Amino acid sequence: MPFLLVFSYYRLSKIQKAKRMELDDKELVTKAKSGDRKAFDELVRLNKDKMFALIYRMTGDREITLDLLQDTFFAAYKELGGFRGDSRFYSWLYRIASSKTLNYLKRKKILSFFSLSAGTPDEPSYNMPDNVGFSEINDRLIKAVDLLPPKQKLIFNLRFFDRLSFPDIAGILNKGESTVKTNYQKAIEKLQNQLKDFR
Amino acid sequence: MNCGELRKSICLKMGRLFLSQDEKSHLDSCPGCTKYYEHLVSLEKTLTVAPAPSLTKMEFSKLQSKLDSRINKYHDKALNFYRLSFKYGATMAAILLLVFASFFGKYKFQDIKPADTDSLLATLTIAEDFSASGDEVIEEPYLDLVIDNYVDNYGFNTSEMLIGDLSDEELEYLKNKINAGDIL
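Protein chains in written order, with the numbering used here: chain A, 1 to 199; chain B, 1001 to 1184.
Since the hints were derived computationally from the structure, they do not count as laboratory data.
The reader is advised that the hints may include incorrect statements.
What the hints assert, rightly or not - List of simulated lysine to any residue pairs, SDA-like, C-alpha gap at most 20 Å: (1) K50/A / L66/A; (2) K1066/B / K26/A; (3) K48/A / S1054/B; (4) K100/A / Y1154/B.
As the list claims (entries may be wrong) - Some chain A residues close to chain B (C-beta under 8 Å, calculated; not the full set): (5) Y56; (6) L69; (7) L191.
Treat the numbers as computed from the prediction; the structure is a model and nothing was measured.
Ideal Cβ placement from N, Cα and C applies to all residues, glycine included.
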C-alpha cells in the first residue's frame, strides 16, 4: 500500500512537471514571438541538449554538430512567427534540426562522391571527450548505428534515444506512421545483423 | 499471434521493451522467438549504456555568442533593408509622381483645351468662308457649258450681254437651276 502511494505520487508529480514544462514552452514561445530575446535564449537553453544529441548522433562530429545546431536555432528564430503552436516547440525544433542534418549528410555524400577520397568513407569522429575510454563494444555499436542509411538512422535516434512516439516522428519527418515503423524495424534488423556476435 | 507478428511487434517496442500477455505466452512456447527477444534485450541494454552526448559549458557559450552575433546581424540587415527601401522607395515614388503629373499635365494642355479651341476656330472659319463665298458654290465647268450653249443658239458675244443684262434675281435663279442640274 505505501508503495502504491509513493508510485502514484511519483507519477502525478511527473505528469504535473510535464504539463508545467509545456506551459513554460508555450509562454516562452509567445514571449519570443513578440520579440523577447531573453525568452528565446531560454528556449535555446532548454532544448540545446536534445538537439545537440540528435545532430551529434547523426554526424559524429562535434564541430559540424555545433554549426548545424547554430543553423537550427537561427532558422527557428527567423521562422518563429510561422510557428502556430499546433505541436510542441521541441517537435518543431526536431523538424528543423532533422532537415538541416539530412541536408548536410546529402551534401557530404555528393561531395565525397566527387572527391578523390570517395572510396574511403570518413571515419566518424567519436574520439571526442565524451567517448574517451569507451570499450570496443561501444565503438562497434556506434559504428553499426553510423552505417545505417541517414533516414533510418534519424528515425532510430528519434525513437530509441529521444523516446518520441511513432506519430510524433511521422509528424516531424512529414511521413506516414507506417513508413516510420517500417524504417525503424529495418534499422533494428540491420543493427541486429551487424552486432550478431556479441551480447 | 504467430512468430512474424511477434517479432515485428517487439522490434517496434525496441527502446521501450515491455511485453503484453499474448507476447509472453508466445515466448513461453517458442524457443526461436525467445532467442530473438533476448538478442533484442541485450542490444537495447548495450545501446543504452552509451551516454547521451551533451554540450560542454564552453561549447554552449560559444554557440550562444555566435547565435547572438548572427541574430544581431540579421536584425541590422533587416533594419537596413527597411531603411534603404524607405529611403529609395520615397525617392522613387516622388520621381514617379513628378513624371506622372508632368505627363498628364502636358497631355491635358495640348490635347484637350487647345484642341477644343483649335477645332472650334477651324469650324468657325469654315462656316465663315462658306457664308462669304456663297456665289462660288457654282462650279465653273457647268457655267461655261451653259454659256457655250447659249452662244451656240444666239451667236457670239451674246454671253457677255446676257450676263450683263440679267438682273440679280435672274442670275440667282439661273445659278440655282444650274446647281439643281435642271438646265443641263
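Hint-by-hint comparison with the structure:
no.: 1; hint: K50/A / L66/A; result: holds, 13 Å
no.: 2; hint: K1066/B / K26/A; result: violated, 25 Å
no.: 3; hint: K48/A / S1054/B; result: holds, 8 Å
no.: 4; hint: K100/A / Y1154/B; result: violated, 118 Å
no.: 5; hint: Y56; result: holds, 4 Å
no.: 6; hint: L69; result: holds, 6 Å
no.: 7; hint: L191; result: holds, 6 Å
Of the numbered hints stated above, those contradicted by the structure are hints 2, 4, listed in ascending order.
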